[in-house]
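Sequences and hints are given; from them, build the entire structure.
Number of protein chains: 2
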Amino acid sequence: MPNTIPVVENILSANDQIATQTRAQLDRDGVLAINVMASPGGGKTSVILKTIEALHDQVRIGVMDGDIVPLDLEKIAELGIPVSLINTGGNCHLDANMVHGALPSLQLDALDLLIIENVGNLICPAAFKLGTHLNIVIASVPEGDDKPYKYPAMFKGADVLLLNKMDLCEYQDFNVDYFRHGVEVLNPGLAFFPISCRTGEGFDAWLDWLRDRVTQRSSVG
Amino acid sequence: MPNTIPVVENILSANDQIATQTRAQLDRDGVLAINVMASPGGGKTSVILKTIEALHDQVRIGVMDGDIVPLDLEKIAELGIPVSLINTGGNCHLDANMVHGALPSLQLDALDLLIIENVGNLICPAAFKLGTHLNIVIASVPEGDDKPYKYPAMFKGADVLLLNKMDLCEYQDFNVDYFRHGVEVLNPGLAFFPISCRTGEGFDAWLDWLRDRVTQRSSVG
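Just so you know, the protein sequences line up as chains A and B, in that order. With my numbering applied, the first sequence covers 1 to 221. With my numbering applied, the second sequence covers 1 to 221.
Just to be clear, a hint being listed does not mean it is correct.
The list makes no distinction among identical chains, and a pair is therefore deemed to hold if it is satisfied within one copy or across any two copies.
[Said to hold, decoys possible] Cross-link-like lysine to any residue pairs, in silico, SDA-like; alpha carbons within 20 Å at most:
1) Lys75 x Asp173
2) Lys156 x Asn91
3) Lys75 x Tyr178
4) Lys50 x Lys75
5) Lys156 x Gln25
6) Lys75 x Asn175
7) Lys75 x Leu190
8) Lys156 x Gly89
9) Lys156 x His133
10) Lys75 x Tyr149
11) Lys75 x Gly182
12) Lys156 x Arg180
13) Lys75 x Gln216
14) Lys50 x Glu201
15) Lys50 x Ser84
Simulated from the structure, these hints should not be mistaken for lab results.
Okay, here's the thing in structure tokens:
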């Protein structure tokens, strides 16, 4: 269906224009926005919850939740921070229009960090800029060490990569060197943190990295 | 963007028409076709490889591989059965046109079972009929027990559900009853097999189920 190609291009171009507007608004209010992406069950919500718990007395955090069925929203709201639900209408990814439309539901100038939880999907979200400053990709050990080779776009567009569920490494044939080699080819020098939400392993290094980005947010992205 | 809705409807309608043609061709040649769907790393390839190993001396099997980067194709071809690569061009799901276009690459009247490996994605593939007889959905324990609640369309459209990586249950907080309840609400009475590709747990029951469907293939779907 070659006649569909221009339509896709137009949609992406319109998307990028809206993303640019969102970015300008975030920068004006001094908010660092991060786009958190992973497979279903990769650990987006667990990472976000644990990150908020560790940082919310130092950093003013808000959350936009774009998951298809927002079970996770309540868990986040229980932490007492502002949350906004994006109704994706069953869509497989967030787009710039959804995020831009949700901006007024949060008081941006009262935030340092806006965490956007994308839909659980290792493919489609990679194609849609949201206007965020950083793409956070979470892979997890049980998904296998071949994921960078099979889903290259997601890893290519990442600004930081968390490898979650490291506590399951001893029960899996997961070759961290093979995984990292695949990432390095796509995205040389990518910041990489092996973590476990269950044991807390590696979390301090990730938090330090993120805290630094929040501090320097006027110059990120 | 309300003006995009008719476009999507037209695409799906065209898709369904092609799927109907594919189904007719499969039925004419007496082939049972299954559409295997899962998250990235859920275990599609492992389940397919193990299923082929167990059945290929009783059942004439062919494979279409729709994964984005076809690393898995070689593993399947090593088993000496006919395989066909579908180039999805980075797309996030197979559609009927891709499958229909790949049919001539396999000698259908020499097959009993056609296994189609869809793209690793728990959302988009659910919306596109391929002309197959059965939707095989694979979930896996490390993804968490909330997946039916968060990705309902995939579970609603399943004809059989495999819950893979049961060997990891003891290291996870996975409540099988909660998972099954979510599935039952969406798809009452759905055939359900807890399995482990690693230990072989539960595989015989799944193989019996599939072997029965192949035997009765003229009346399935």
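Verification of the supplied hints:
{"no.": "1", "hint": "Lys75 x Asp173", "in the structure": "between (32 Å within a copy, 17 Å between copies)"}
{"no.": "2", "hint": "Lys156 x Asn91", "in the structure": "between (23 Å within a copy, 16 Å between copies)"}
{"no.": "3", "hint": "Lys75 x Tyr178", "in the structure": "between (35 Å within a copy, 18 Å between copies)"}
{"no.": "4", "hint": "Lys50 x Lys75", "in the structure": "within (11 Å within a copy, 39 Å between copies)"}
{"no.": "5", "hint": "Lys156 x Gln25", "in the structure": "neither (26 Å within a copy, 40 Å between copies)"}
{"no.": "6", "hint": "Lys75 x Asn175", "in the structure": "between (33 Å within a copy, 18 Å between copies)"}
{"no.": "7", "hint": "Lys75 x Leu190", "in the structure": "neither (30 Å within a copy, 30 Å between copies)"}
{"no.": "8", "hint": "Lys156 x Gly89", "in the structure": "between (27 Å within a copy, 16 Å between copies)"}
{"no.": "9", "hint": "Lys156 x His133", "in the structure": "within (15 Å within a copy, 36 Å between copies)"}
{"no.": "10", "hint": "Lys75 x Tyr149", "in the structure": "between (33 Å within a copy, 15 Å between copies)"}
{"no.": "11", "hint": "Lys75 x Gly182", "in the structure": "between (34 Å within a copy, 19 Å between copies)"}
{"no.": "12", "hint": "Lys156 x Arg180", "in the structure": "within (12 Å within a copy, 36 Å between copies)"}
{"no.": "13", "hint": "Lys75 x Gln216", "in the structure": "neither (29 Å within a copy, 47 Å between copies)"}
{"no.": "14", "hint": "Lys50 x Glu201", "in the structure": "within (12 Å within a copy, 34 Å between copies)"}
{"no.": "15", "hint": "Lys50 x Ser84", "in the structure": "within (18 Å within a copy, 44 Å between copies)"}
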